[in-house]
Amino acid sequence: MKNGKRAVSFILAVVLLCTSLAGCGMVQQDKAYLEQVAASVTETQSILKDVEAAADELSGQSSIVYENSVNAEGFDVLDEYYTLCTEKLNALNDAVGAVRQQMQSLERCDAPKTEKGKAVEAEQKAYFEDALEVIGGIQEALTFYTAQYDALQPLVTATVGDRSDEQAYLISVYEAAGNVKTALSTLDTPEWLNDLWPKYVANLDVMTKYMESRSWGLAWSDVLRLYSANQLISRVGITSGRHEETMFDLYSREYNHAAFLLDENLDAYADEILAACEGGKDVGAYDAQAPIVFSDYSTVEEIFPNLYPSMDSAINLLLYTDKSYTDVMVTAEIAGFTQKYEQKVTLTPEMTYLMIKPPVLTDMPDLSTTKDTQMTLRVENTITGEAIIQETKNIELHSVYDYKNYSDEFGIIQNDNILAWMTPETDGILQVRRNAVSWLEQSFGTEYGMLPGYQPAYGFTSDQGAYITYYQVAAIQSAISNMGVRYNMGPYSFSASQRVLMPDAVLENGSGICIETAVLMASVLESASMHAMIVFTPGHAQTAVETWSGSGQYFLIETTMLPFTATQDALQSLIQPLSAEEWANYLYNKEQEAQQSGGMVYVVDCDLAPVLNIQGLNY
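Numbering of the sequence shown is given in the numbering used here, commencing with residue 1 and proceeding in unit increments.
What the hints contain is simulated information worked out from the structure, not anything from laboratory work. C-beta atoms are modelled at their ideal positions from N, C-alpha and C, and glycine is treated no differently. Hints are not guaranteed to be accurate.
Distance condition first, Cα-Cα at most 27 Å in a straight line; then the derived DSSO-like pairs of lysine-lysine [as the list claims (entries may be wrong)]:
(1) Lys199 - Lys340
(2) Lys49 - Lys125
(3) Lys357 - Lys340
(4) Lys357 - Lys344
(5) Lys199 - Lys404
(6) Lys344 - Lys371
(7) Lys344 - Lys116
(8) Lys404 - Lys340
(9) Lys357 - Lys393
(10) Lys357 - Lys199
(11) Lys393 - Lys371
(12) Lys371 - Lys340
(13) Lys125 - Lys281
Estimated spans, in silico, between C-beta atoms of each pair [said to hold, decoys possible]:
(14) Asn509 - Phe444: 47 to 55 Å
(15) Glu80 - Asp162: 23 to 31 Å
(16) Ser221 - Glu391: 50 to 58 Å
(17) Arg499 - Glu581: 46 to 54 Å
(18) Glu386 - Ala285: 53 to 61 Å
(19) Asn618 - Lys340: 20 to 28 Å
(20) Ser164 - Gln339: 50 to 58 Å
(21) Glu212 - Glu80: 32 to 40 Å
(22) Tyr325 - Asp79: 52 to 60 Å
(23) Gln572 - Asn509: 43 to 51 Å
(24) Ser164 - Glu212: 15 to 23 Å
(25) Ala53 - Ala122: 26 to 34 Å
(26) Thr382 - Asp263: 53 to 61 Å
Work out the full structure: start from the sequences and follow the hints.
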């Protein structure tokens, strides 16, 4: 029995010994491979530390470069930043080459034989892919920035060129702006700039319109066009600057997030792989961890309904993960004003930046009074149903008639916002036109039964075009008066929010303050294909109309003359034909008045609504 037990024990020992030896043999089989993995990962971590340092530097510089470019010599600061970006991009290209060399060295190794070796192989491949993806995100941002910087240089060169011949200068800048817009529009844009970039590029449309207006104004002594153009270039400088500020913030966030991924995720991943190569725990713990979703957002505090269509966004939302991907559903809504915005998004370590503006309701409720409402924003994990963001905030939904000339979005006075109240296609405006035609027929005969705009009519040729425009203005004012509209001597102020009825509401209510009658007149003129401007002076608003297409001369229209009967004296007060010199003196005197009593002088070109992307609800 003892011998039998010994025999059994001996056989068991041999079996255990063989098992042990077999295991050692498997480790020995993959030893060279695991050593090579450890060496390659260690070397790559050294490379990534340099990349991390570059990302940290880029993040810091990106967060301050816009402010420095505004407060100092802008081009010099941007030139230095461009040089930094170019240097870092070249260094990253070298880093990518070095990482790929490490990958290639592993590809030349014999394939691992053991299960553990195969598991390490899978993880090291994923590790290198993640490393290249993080570096690639930085490269993409740098490549885009340097490309858009290069594309902008012809415009920069043109704007600092010789201005001794201003017309030649304007033509040069105009041509450069057109070419630059084409170049910028064709750039490969990082996905996180997909919403913002087109809005930034659209500033060049406004800039080219400035060149047109200023060139035309100089050529034809068009005082109003020059005045409007000077305000236009000030506006585009501020709006484009705010877009650039947002872009630099996003650059900074991209680089900062890359540094975080390199320092936290890639370090942890490398440590796990190295531990496994040295005989420690098996790999897989890093992969098993669920992705972390990072988020940041901002929202408006109040809504002016008729200005809402012209806003860039109501919510700005930034989302990304630390690794892998996560599907989320983004929903947003402004109760009683918009439909529900819904978008499914796959989040990755690459940033997702959404400029959200939920579409307005198809059937709009009564918006004639201000009310409190709620804006909701929810970001939900589509797999778990977990709310990553759940925000419900009270906001003030103003009346559709509430006009605000100060832009929270851009931090500037924007009297161009009044263009949202222009309604040349509404039923009320069309009725004014019909009544104006009836007044002309009744007053002068059936041959006057038309509003021809800038077309020869009433027995006058185009050389006598001012007479044709004169008749039409008289007819429009008479029609408005005959429809029961009277002047309301209520105050109008630049410095605060103002309730401004839209033209159809003015016709329905039968009265309007100066800004309301001015917008009503301008809407009818634009509906008849004539060129109108709204002239703001301290405490008052008037309309101007170009006497003929391209004439550069304007009638000043005092639209508050209501009720109106077209006597000779009344017509002289309603329609004042001012020369270029008289317009210049008029605006100068109003500026002096503004300096003494407050307010400002501002000329809004009603033809600019499409260029400025200003439109109302047509409520």
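27 Å Cα cutoff - pair lysine 199, lysine 404: holds (22 Å)
With 20 to 28 Å as the target window, see if asparagine 618 and lysine 340 comply at their CB atoms. holds (22 Å)
Is 46 to 54 Å respected by the C-beta to C-beta distance linking arginine 499 and glutamate 581? Distance hint for arginine 499, glutamate 581 is violated at roughly 37 Å.
For the range 26 to 34 Å, tell me whether the beta carbons of alanine 53 and alanine 122 fit it or not. Cβ of alanine 53 to Cβ of alanine 122: about 30 Å, so the range 26 to 34 Å holds.
Please check whether serine 221 and glutamate 391 have a Cβ separation lying inside 50 to 58 Å. This hint holds: roughly 55 Å between Cβ atoms.
Is lysine 357 close enough to lysine 199, meaning Cα to Cα at most 27 Å? holds (14 Å)
Please verify whether lysine 357 and lysine 340 have alpha carbons no more than 27 Å apart. The hint holds at about 10 Å.
Between tyrosine 325 and aspartate 79, does the C-beta distance stay in 52 to 60 Å? Once the Cβ atoms are compared, 38 Å apart, the range 52 to 60 Å for aspartate 79 and tyrosine 325 is violated.
Straight-line alpha-carbon gap lysine 199 to lysine 340, limit 27 Å: holds (23 Å)
Given the hinted pair lysine 344 and lysine 116, is their Cα-Cα distance within 27 Å? violated (38 Å)
Measuring from beta carbon to beta carbon, are serine 164 and glutamate 212 in 15 to 23 Å? holds (21 Å)
Is it true that the CA of lysine 404 sits at most 27 Å from the CA of lysine 340? holds (26 Å)
In this structure, the hints that do not hold are numbers 6, 7, 14, 17, 18, 22, 23 and 26, in rising order.
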